[in-house]
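Engineer: Protein sequence lines correspond, in order, to chains A and B.
First residue of the first sequence? That's 1 in this note's numbering, and the numbers climb one at a time after it.
First residue of the second sequence? That's 1 in this note's numbering, and the numbers climb one at a time after it.
Source of the hints: derived by calculation from the structure; they are not laboratory data.
Even glycine gets a Cβ: it sits at the ideal position worked out from N, Cα and C.
One thing to keep in mind: the hints can contain errors.
[To be verified] Lysine-lysine pairs mimicking DSSO-like chemistry, simulated, CA-CA at most 27 Å apart:
id : chain 1 : residue 1 : chain 2 : residue 2
1  : A       : Lys118    : A       : Lys222
2  : A       : Lys110    : A       : Lys120
3  : A       : Lys222    : A       : Lys241
4  : A       : Lys219    : B       : Lys95
5  : A       : Lys120    : A       : Lys187
6  : A       : Lys75     : A       : Lys189
7  : A       : Lys110    : A       : Lys222
8  : A       : Lys75     : B       : Lys307
9  : A       : Lys189    : A       : Lys225
10 : A       : Lys241    : A       : Lys189
11 : B       : Lys95     : B       : Lys307
12 : A       : Lys219    : A       : Lys120
13 : A       : Lys97     : A       : Lys75
14 : A       : Lys75     : A       : Lys145
15 : A       : Lys118    : A       : Lys219
16 : A       : Lys97     : A       : Lys18
17 : A       : Lys18     : A       : Lys145
18 : A       : Lys145    : A       : Lys187
19 : A       : Lys18     : B       : Lys307
20 : B       : Lys95     : A       : Lys110
21 : A       : Lys110    : A       : Lys97
22 : B       : Lys171    : B       : Lys159
23 : A       : Lys18     : B       : Lys95
24 : B       : Lys307    : A       : Lys110
25 : B       : Lys159    : A       : Lys97
26 : B       : Lys307    : A       : Lys97
27 : B       : Lys95     : A       : Lys145
28 : A       : Lys241    : A       : Lys219
29 : B       : Lys32     : A       : Lys110
30 : A       : Lys75     : A       : Lys241
31 : A       : Lys75     : A       : Lys110
32 : A       : Lys97     : B       : Lys171
33 : A       : Lys110    : A       : Lys225
[Said to hold, decoys possible] Derived list of chain A stretches under chain B, where covered just means 3 residues or more per stretch with a C-beta under 8 Å from a C-beta of chain B:
id : region
34 : 38 to 45
35 : 62 to 70
36 : 107 to 115
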Amino acid sequence: MTETVPAVEICHLVKDFKTSFKRLPLRAVDDVSIRIMPGEVYGLIGPNGSGKSTTMKALLGLVAPTAGQCSIFGKDSLQVDSRDEVGFLPENPYFYKHLSGEETLGFYGKLCGIRGAKLKSRVEELLELVDLTDARNRRIGGYSKGMLQRIGLAQALIQEPRLVILDEPTAGVDPLGSRQIRDLIFKLKERGITVFLCSHLLEQVQEVCDHVGIIFRGKMVKEGKLDDLIAIEDQTELVLKDASPELIAEIEALIKRTGGVELVRKGKPRTTLERLFLRETSKEEKTH
Amino acid sequence: MNLISIIQLIPAHFGRTAVIAHHTFTQLVRMKVFYFLAFFAVILIASNFFNLPQHEGPESVGTHVLSKIKEWSLAAMTLFSLVISIVATSLLLPKDVEDRTLYTILAKPVPRIDYLAGKLLGVLLLVFVSLAIMDVLMVGVLQLRTNIVLEEQTALALKRGWPAQDIVVLKAEILGHGPTYSLQGAVIAVFLRAAVIASLALLLSTFSTSTLFTTIVSFLIFFMGHFQADAREMYLGGEMGTSNSWIAQMLSLLVALILPDFQLFNIIDEVIQGRIMPLWVLGKLTLLGLFYFIFYLFASWFIFAEKEF
């Protein structure tokens, strides 16, 4: 049965921040509304300072809305129990440096009321999921940026939340680390976990999200299903493999003969620089 | 929310608070705070050999050393508990905000009061464990030294031909300077004073913008607290006249509510001199410490609950 209660519901959210004395308050978020249904991966994109993080913080009850309301699975965000089923990874997280990766997950697990054998097996499972089993006993202070993001993602998942909120999950991470995090988001999607992420890396959002919202200067300027938003309705793409020059000439002739159709572009599709980088580095890794 | 559901939530609150307290304790331990104990041991050993020129007779030399051991030990305990209570409490909260670890904690189902109480209790757990270790060391050294002094002084008295009753009095006096229940009361008083000042530092750190500000103001309030009772007496006491008495009383009450009277803890000095600390005094100090602890903790919560990150 499909769930009808939205995982995230943000209704006409407005957030003003007080500035220095006698100056007008700064409006960080201006009448933003978002609805994310369970199982969706929603990407909120926008430039730095556009209100993405403030929207997320309001959803988590870290800031109180000036107007409007936020709820998680029907529970008001200002109530503590709304966080029962949420995992959050902030931008550039720094966890307690004196704890090891395993201890960090244990700490967050206990905060969520998990104890004993259940906690132990959950920690094992997550360390494996984020590929940090080898670094489990190492202090967080010695973790690389990518490892920090991955342990951050693991702590966000500790209580098996139904919603995961990721604020710039790949900020400052190299392409390999970025790919790992992206794969983890895909895994979450497969498990039916709702993901709400914000980023200014558009290509990445395009790859993982099925719904997108564009926020600019605190206002939502565009929102909807990714496929609907990026499709160019009056164009059709045809990608052929091992096509002979004769076949291509024939297709072009057919296009010319058909009235009202125009060939816009012809050429070889290109891989992305990122894919090239990942392919080459994995080749190198195999040879060593 | 009805009463039953509130009662059902209590174990969860305690559980989370205990997790944060344990974590804070571990954090401070891993900051190598316990190195102070080595410093304490040195002080304790030094106090055994520290001798000022004496004006009293040879019979008071022994008790003088015992007083010195107590004085130096309790002074070190006070210094340690005060510095840790203020500095650690002032540091921990802004550090969590700065490192954004607070976001990850508050994004879990953790009420803000649990977080604050956990941090505070973690600091106090560290102070308690440290004081307990120092107390054991102090009592051990004091017991050894008391036995030596007792032996020496009894031999001296016998040599001088003191009557048996006088020797009994002398022995009682020496034992009074040794490890007594009152001395344990004094250590508890040191802890209570630390608890009050730590909760005050927590309150300050909820609205202060810097660790330095919280630390300095906490120390200032600690020193001001030693003159609070005198100041209230001087400015708000009888001198203001009967017409203003109710205003004076209200003001006096308000000052006492906000600013603890640390003079009450001067009982520690009397214990060093070998006097007995009555149980009711310890009870009064405990209640007072508990009152300020709860008052400051809830005041911190009041501010912290509205704070945005």
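Engineer: Return the numbers of the hints above that this structure violates; sort them in rising order.
Structural biologist: Per hint list: 1, 3, 4, 7, 10, 12, 13, 14, 15, 16, 17, 25, 28, 30, 32, 33, 34 violated.
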